[in-house]
Amino acid sequence: MRKKCEYILTYVILIYCIFSIPSVSGHSPLISGDTGKLDEAMFIPDPTKSWAIYGELHEGGEAHYYRFEIKTGQGIYISLMKPTSPAYKGFMPGFVLMGPGLNNRGNIPDYIEKPALANAVVMPGVQPKEATYEPFAPSSFYQLAELNIPAPESGAYYIAVFEPLQGGHYSLAIGQSEAFSLIEWILIPVSLISIYQWEGQSLIMILLPVVVIPALCLIFLWKRNWKAKTLFEWTGIMAGFLFIGTGFSVIFQMVLALSRTSLAQEVAITVILAFFPILLGIVVIRIIMQNRERIDVRKRVYLAMLGIFALFVWAGFLVGPVLAMLASVMPARKKEQSAKLKI
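Position 221 of the sequence shown, counting from 1, maps to 244 under this note's numbering, and the rest follow consecutively.
One should not assume that every hint holds.
As a list, the in silico DSBU-like pairs of lysine-lysine whose alpha-carbon atoms are at most 30 Å apart [to be verified]:
hint, residue 1, residue 2
1, Lys252, Lys152
2, Lys246, Lys322
3, Lys137, Lys112
4, Lys137, Lys94
5, Lys152, Lys112
6, Lys250, Lys322
7, Lys112, Lys94
8, Lys60, Lys112
9, Lys322, Lys252
10, Lys60, Lys94
11, Lys94, Lys72
12, Lys94, Lys152
13, Lys246, Lys152
No lab work stands behind these hints: they were computed from the structure.
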């Protein structure tokens with residue numbers, strides 16, 4: 024009866040993974056490069072798709088430039104944000120949208136390069152009273168400026184992000200059509216590391232739960248006199264521990280974000296995102312630990328399936344899914360050696 028429940032649970036997880044991809048939305052992350060001149064502006068391939076660009080102004084009086092092409096009537100959406108870290112308290116960037124047909128608004132700083140014959144809309148940054156909570160990549164940020172207008176004419180438009188007094192980290196959201204490609208979705212865990220570093224977190228702090236939780240799990244098993252006997256068990260059990268560690272990492276980031284903003288309803292989304300990696304890890308561990316002497320095809324198929332679908336719930340920072348899939352093809356060495364001795 025217990026085994027049947029586990030198999031049913033596995034199918035539930037797989038079904039969730041399949042149907043969660045089209046229903047969850049968010050910004051596709053990009054890391055800004057060297058965009059300090061107008062002719063070096065970073066090109067945004069589809070300005071209607073939702074992008075989140077993470078950059079850093081190194082000093083006051085510096086600007087970063089972005090370029091996109093759009094048709095008349097298509098929506099231009101731009102939002103400028105900064106981290107909630109106290110280190111950026113005095114950092115207040117703004118942005119300028121430059122392009123054909125715009126109604127001029129505001130005064131462009133002298134150090135901003137402007138395309139010939141382009142009009143400009145200046146959007147200064149304003150500190151809001153409260154930070155915004157982001158549930159999918161649990162974090163918090165201040166939204167400083169926002170612009171949402173239809174493109175008055177077809178052509179090339181430029182965005183300049185600037186801060187007159189000091190440097191700091193900023194995020195520029197462009198577009199509102201929220202969708203991910205398959206590769207973008209799978210690589211979200213890698214992007215999250217860069218995003219949390221953008222917030223000011225160290226790499227050690229980001230990866231701490233993913234290291235500590237598997238270590239504690241190994242100590243727990245050691246105290247219960249459980250030891251992995253084969254490569255199948257080693258790779259499988261570590262995959263499960265990494266899945267669980269990912270879930271606790273999400274919870275850790277959620278708590279950190281909520282320490283800088285108020286509790287929001289979107290927290291429920293984060294809790295669900297943390298729950299499924301933990302559940303995946305528990306299922307993988309039970310598959311490994313039950314009936315250890317029998318490593319049959321069914322066990323291997325389940326591990327392979329769970330490894331594949333772990334990619335879609337961001338479990339294991341890519342390493343966990345790879346280990347689960349490797350475990351599914353690892354030999355049962357103990358049995359193989361026993362068979363050779365009998366011969």
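Could you work out which earlier hints the structure fails to respect and list their numbers in ascending sequence? Failing hints, ascending: 1, 7, 12, 13.
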